[in-house]
Amino acid sequence: MAISTHSRVLAAQARPRVAVSRPAQRRGDDLLARCRRAARYFWLIAVLLGATSTATNLAFAASVTGTDRDVASGFTIVAPCQDLTTAEIAWSVKTNSAVMGVEISGLGAGCNGAVASITLTDSANASIGSQSGVTVASGSAVFSTLSANPSPSTVTNVNVTVVGP
Amino acid sequence: MRTRSVLLLVLGFVIASGLLNLHRASAAGLDITTKKLAADRQATPAFYPRSVATATCSDVLICPLGGAAGAPSNGDTVTLVFNTVLQQSTMCSAWTSNTTNRSATVTATISNNAGATGSDVLTVPTISGVTCSGGFKFGSIDLGSSGYVTSNISYTNTDFNLTNAGSNPQIVLKFRSGSTGSTVSSSIITYNCNGELTSSTGKACGKNTAVSAAVRQF
Chain A
1 MAISTHSRVL AAQARPRVAV SRPAQRRGDD LLARCRRAAR YFWLIAVLLG ATSTATNLAF
61 AASVTGTDRD VASGFTIVAP CQDLTTAEIA WSVKTNSAVM GVEISGLGAG CNGAVASITL
121 TDSANASIGS QSGVTVASGS AVFSTLSANP SPSTVTNVNV TVVGP
Chain B
1 MRTRSVLLLV LGFVIASGLL NLHRASAAGL DITTKKLAAD RQATPAFYPR SVATATCSDV
61 LICPLGGAAG APSNGDTVTL VFNTVLQQST MCSAWTSNTT NRSATVTATI SNNAGATGSD
121 VLTVPTISGV TCSGGFKFGS IDLGSSGYVT SNISYTNTDF NLTNAGSNPQ IVLKFRSGST
181 GSTVSSSIIT YNCNGELTSS TGKACGKNTA VSAAVRQF
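Sequence order for the protein chains is A and B. Going by my numbering, the residue at position 16 of the first sequence is 16; the numbering climbs one at a time, nothing skipped. Going by my numbering, the residue at position 113 of the second sequence is 113; the numbering climbs one at a time, nothing skipped.
The set of hints was computed from the structure by calculation and includes no laboratory data. There could be a bad hint or two in this list.
With a straight-line cut-off of 20 Å between C-alpha atoms, the simulated EDC-like cross-links for lysine to aspartate or glutamate are [as the list claims (entries may be wrong)]:
no. : chain 1 : residue 1 : chain 2 : residue 2
1   : B       : K203      : A       : E88
2   : B       : K137      : B       : D159
3   : B       : K137      : B       : E196
4   : B       : K36       : A       : D83
5   : B       : K203      : A       : E103
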């Protein structure tokens with residue numbers, strides 16, 4: 001009885017091996033071969049991803065210094081050197097046809113040393129003359145080399161920017 | 001196969017190096033600052049001189065042989081134009097109407113090397129026939145050269161005419177009694193407002209100026 005049972009088991013285990021056909025085995029071999037070929041490139045993809053990740057980390061590491069100290073953060077508004085609405089604009093007009101220069105005065109002492117820029121605009125708010133990089137001194141900034149010299153009648157506004165000090 | 005693998009490996013490092021440099025470039029362009037920023041849109045000046053010009057004598061009664069071109073002399077004129085009507089009382093307190101044109105006799109003086117940069121300067125210090133409390137406030141004209149006079153010259157009996165209407169209010173000075181200055185081939189003259197001059201609407205002339213072309217003056 002025991003022998004008979006064992007024989008059935010062996011028969012059952014041996015049955016699949018005998019049942020595999022040649023085409024099916026070939027398909028399996030092909031699949032295995034494809035997997036092996038694909039596996040050869042996995043290391044390359046891994047290297048590329050690794051290198052990219054390392055580069056990114058190195059870049060951030062170059063600009064950020066790690067520290068184990070406590071960190072506190074906040075937001076502070078840096079007040080401008082002056083409310084420019086109180087500044088005065090004067091200009092120099094040549095023979096009624098061209099604005100040759102602009103002077104901003106009435107700036108507070110806190111603006112001395114700051115860098116001022118102006119843009120003259122027309123009624124369409126388009127720039128028709130500008131100059132930048134003028135250092136405020138003694139409460140005023142003089143712009144004498146405008147990029148263009150428009151007629152005073154075409155100038156609607158003077159946009160003023162003061163950065164610093 | 002091995003050669004291709006090596007090439008691919010090198011390619012990987014090249015890509016990685018490129019990314020590394022990109023990140024470094026970004027870090028270099030980041031500029032954190034605590035500088036202050038102020039900005040505003042300002043209106044243009046409401047009252048300003050639009051032009052200043054001189055002309056040599058063309059009055060045959062004063063200079064029958066023609067003027068001394070390039071040198072200030074009798075008969076020469078100076079014309080100043082504003083962009084809008086002047087508040088006349090800010091020039092002379094006695095002039096209370098803005099609609100009246102004014103004719104007067106003044107003294108015009110060219111002061112030797114009196115400008116901020118050493119140029120000669122024309123002023124109108126006195127006016128006759130009218131009392132201006134606080135003085136006559138004409139302003140000044142920097143002649144753009146120190147060569148017009150070697151000592152102060154005063155032109156007494158100079159004609160002063162103010163036409164204060166429309167969009168071209170103007171003042172014309174004509175020299176009548178004074179010596180002839182020196183010839184200057186070319187200069188740029190600049191009119192500076194008196195600090196108290198305003199338009200009829202109260203807008204200050206302030207630091208606005210009018211400049212001439214670089215030409216032979218007088």
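Status of the hints after comparison with the structure:
no.: 1; hint: B:K203 x A:E88; in the structure: holds, 12 Å
no.: 2; hint: B:K137 x B:D159; in the structure: holds, 16 Å
no.: 3; hint: B:K137 x B:E196; in the structure: holds, 7 Å
no.: 4; hint: B:K36 x A:D83; in the structure: holds, 11 Å
no.: 5; hint: B:K203 x A:E103; in the structure: holds, 17 Å
Every hint, counting from the list given before, is met by this structure.
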